[in-house]
Amino acid sequence: MGNTREVKLKATRDAYGEKLAELGEKYEDIVVLDADLAKSTKTLLFGKKFPHRFFDMGIAEQSMIGTAAGLALSGKIPFASTFAVFATGRVYDQLRISVSYSKTNVKVVATHSGLTVGEDGATHQALEDIALARVLPNMAVVVPCDAVETEKVIEFAVEYQGPMYIRLGRSKVPVILDSGYEFKLGKGAVLREGKDVSIVATGIMVAKSLEAAEMLKERGIDAEVINMSSIKPLDNELILKSAKKTGGVVTVEEHSIIGGLSSAVLEVLAENLPVPAERVGVRDVFGESGTPEELLAKYGLSPKDIAAAAERVIRRK
Amino acid sequence: MLDAEKIFLEEKARIIRKRIISMLQEAGSGHPGGSLSAADIVAALFFRHMNIDPARPHWEDRDRFILSKGHAAPVLYAALAEAGFFDTKELKYLRKINHMLQGHPDLRSTPGVEISTGSLGQGLAVGNGMALAAKLDGRDYRVFVLMGDGEIQEGMIWEAAMAAAHYKLDNLVGILDYNGLQIDGPIAQIMNPEPIADKWNSFGWHVIVIDGHNFDEILNALEEADRIEGKPTLILAKTVKGKGVSFMENEVDWHGKAPSKEEGELAMKELSQGEVLERWETLGK
Ligand SMILES: Cc1ncc(C[n+]2csc(CCOP(=O)(O)OP(=O)(O)O)c2C)c(N)n1
Ligand SMILES: [Mg+2]
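Just so you know, the protein sequences line up as chains A and B, in that order.
Here our numbering is used: the first residue of the first sequence is 1, the next is one more, and so on.
Here our numbering is used: the first residue of the second sequence is 1001, the next is one more, and so on.
Derived by calculation from the structure, the hints in this document are not laboratory data.
Heads up, some of the hints might be wrong.
Unchecked claim - Pulled a few chain B residues facing chain A out of the computed Cβ check, cut under 8 Å: (1) Ser-1029; (2) Gly-1070; (3) Lys-1092; (4) Lys-1096; (5) Ile-1097; (6) Asp-1106; (7) Leu-1120; (8) Glu-1151; (9) Gln-1182.
Said to hold, decoys possible - Derived contacts from chain A toward chain B, CB cut-off under 10 Å, selection only: (10) Leu-37; (11) Asp-56; (12) Met-57; (13) Gln-62; (14) Val-117; (15) Asp-120; (16) Ala-122; (17) His-124; (18) Phe-156; (19) Asp-284; (20) Glu-288; (21) Leu-295; (22) Ile-314.
Think of the CB as a built atom: it goes at the ideal place given N, C-alpha and C, for glycine as much as any other residue.
Sequences are here, hints too, so could you generate the full structure?
See the structure below:
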């Protein structure tokens, strides 16, 4: 994974906005919709460059998703953005019928997911959006781990035919992949090989998992770290291969432990290869106001918590 | 209204505005613009018009206030603390981990908050439920719902508006903080909700247009709403976003950012001008 010496920080939403504005030149069919959060989701970068292909729908998320479906059915490639709480919960039936059931080519790109929204508090911290999106047939669900992967995913999304839910964050996070990285839908990536335990992580928790692996190394534990950005379709093959090798799995996500990455991974393991597993995620509670790092620590999502879960798994092997 | 009563409300609004600034500065994030624009309306409700008892936040006959535009939480917290629902010391810990005052109002953590809000568009329907319950139980409490002018772009507002008129909820008062701005720009440029008064009218509401910074007009409108029978009332209150702090007024950028230390000090200085004591002295001359 290249040289990790100088840690560059960048929010995935920034990478999204920049990439979209760039791709707008090459793809004339890209249209972008937002719901009065264009400065925060960074779609404004596209909006400034291509004002006639940018539609601020006002504070009306349901209308935004329906409009995106109509645009898609008329040959456009719509990207619709708002915060993750609104991009799933507020528009759920629109996502279900106008997007996933109708299989329209709508890209829902949600920013401000998870606890790291921070001070705005529980109302704005989406901890259930992966679950909501994942359970819809036809919907691809992707959670990039850093700015580099976000760019690749957006490039992929333009070419891909079909509904996608892409989950991004608010805060600046470490850039951990090098620019040669290739994103493939349905494929995970082993970022660190190991033999004692498999840590399967998604989104910003991938960087935290790499930190945890360093902590484990000092305790003589050799952890494998997998970036599972493609939550649906899931890379079953890679999960089973890694679990077979290590004999234990830890899932790590900035999301509820119900319905998200952990459920997806444990479903595959339960059906094919039941090994001891532990889930690192928010334990069926709402978040609260606080700084991103304080919240990750309080809700059990720090590298220390990941390392502890790995040790518990190893004891259960 | 007597002059003394007006001065009393003006001073309450001043205290609220000053607390908004100091809270946000302490918190380092939050929403000043829409908190300041609503300060006079909130002062009139909490310190004159509403029947409330801070010692009994769950008193069954209390009037209900719903902050549907939940991002303006600081204006609500400042009023609740000033009224005595909780210690003003709590204001220092707005948006801090392990403390009561959440970034958006949380009914379970904060006394006086009637419903959790922050996802725009949901408050009016909740107000309908409370107003319907009052009718069912034969209670004469009133329900006040404060909405944003960007917020009314949400379809759910109009679903609820239809229902309130359908069920003749004359114990329900909607107040629209008509400051002309949302996050991405002026409401008319982003998604024009005009003509706003005609829309509410055609949905079966009694509409009163006022200056939302004039206490005579605010109180007259609230009293008029009390007299209206058979339909809900919408008070369309023209306001200035960021009202009271010159560099925040009508500035879209002050929707959702906290003042720096210097900006906070400047704001406090402006908000202190003409304070009662000072006025008293000039009167004596
Ligand atoms: C459902 C929903 N969509 C988007 C947001 C993000 N948001 C917070 S405040 C705001 C603008 C509100 O504008 P307005 O109602 O005019 O409030 P005010 O000007 O009084 O602050 C937006 C879009 C939200 N809180 N809820
Ligand atoms: Mg407004």
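Structure-based check of all given hints:
no., hint, result
1, Ser-1029, "holds (5 Å)"
2, Gly-1070, "holds (7 Å)"
3, Lys-1092, "violated (13 Å)"
4, Lys-1096, "holds (7 Å)"
5, Ile-1097, "holds (3 Å)"
6, Asp-1106, "holds (7 Å)"
7, Leu-1120, "holds (5 Å)"
8, Glu-1151, "holds (6 Å)"
9, Gln-1182, "holds (5 Å)"
10, Leu-37, "holds (6 Å)"
11, Asp-56, "holds (5 Å)"
12, Met-57, "holds (6 Å)"
13, Gln-62, "holds (6 Å)"
14, Val-117, "holds (9 Å)"
15, Asp-120, "holds (4 Å)"
16, Ala-122, "holds (7 Å)"
17, His-124, "holds (7 Å)"
18, Phe-156, "violated (28 Å)"
19, Asp-284, "violated (16 Å)"
20, Glu-288, "holds (6 Å)"
21, Leu-295, "holds (7 Å)"
22, Ile-314, "violated (32 Å)"
Hints 3, 18, 19, 22, counting from the list given before, are not met by this structure.
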